[in-house]
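The sequence shown maps to residues -21 to -1, 1 to 86 in mature numbering (1 follows the signal peptide of the UniProt record, and there is no 0).
Any given hint could be a false lead.
Below are the DSS-like pairs computed for lysine-lysine, each with C-alpha atoms no more than 25 Å apart in a straight line [unchecked claim]: (1) Lys43 x Lys22; (2) Lys56 x Lys35; (3) Lys35 x Lys54; (4) Lys43 x Lys56; (5) Lys55 x Lys35; (6) Lys22 x Lys33; (7) Lys43 x Lys55; (8) Lys35 x Lys22; (9) Lys54 x Lys43; (10) Lys54 x Lys40; (11) Lys40 x Lys25; (12) Lys55 x Lys40.
It should be emphasised that the hints constitute simulated quantities derived from the structure, not laboratory data.
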Amino acid sequence: MKKLTILIAAGLMTASVTAQAAPQQARSPMAQALDLTPEQEAKINKIRDTYQAKIKALVEKADKEIRAVLTPEQKKKLAQIEAQRQAMIEQMRQRMQQQQQGAPHGK
């Protein structure tokens, strides 16, 4: 049960970070793939921003409730897990930037 709670909390943290980063990266390729007009893209961006704010609020609320259930020792372990995940996310972000910089333009 303890491990499950920690995994859920870690998953929520990851979802939060991913939700913050993904829409910014996905908008332009989606707009290109669907051949969206600027008006359509603006409407879609507004919809995404609205739901992103709601999702963020729900994740923060769930995180607060989960942390209230954890013992101080579990909170410490959770902080370590979150730090590891954040480091891994940063490494992936750096790799993606390097790949984008090294990718030939126009292909």
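Structure-based check of each hint:
no.	hint	in the structure
1	Lys43 x Lys22	violated, 32 Å
2	Lys56 x Lys35	holds, 23 Å
3	Lys35 x Lys54	holds, 21 Å
4	Lys43 x Lys56	holds, 16 Å
5	Lys55 x Lys35	holds, 23 Å
6	Lys22 x Lys33	holds, 17 Å
7	Lys43 x Lys55	holds, 15 Å
8	Lys35 x Lys22	holds, 20 Å
9	Lys54 x Lys43	holds, 11 Å
10	Lys54 x Lys40	holds, 16 Å
11	Lys40 x Lys25	holds, 23 Å
12	Lys55 x Lys40	holds, 19 Å
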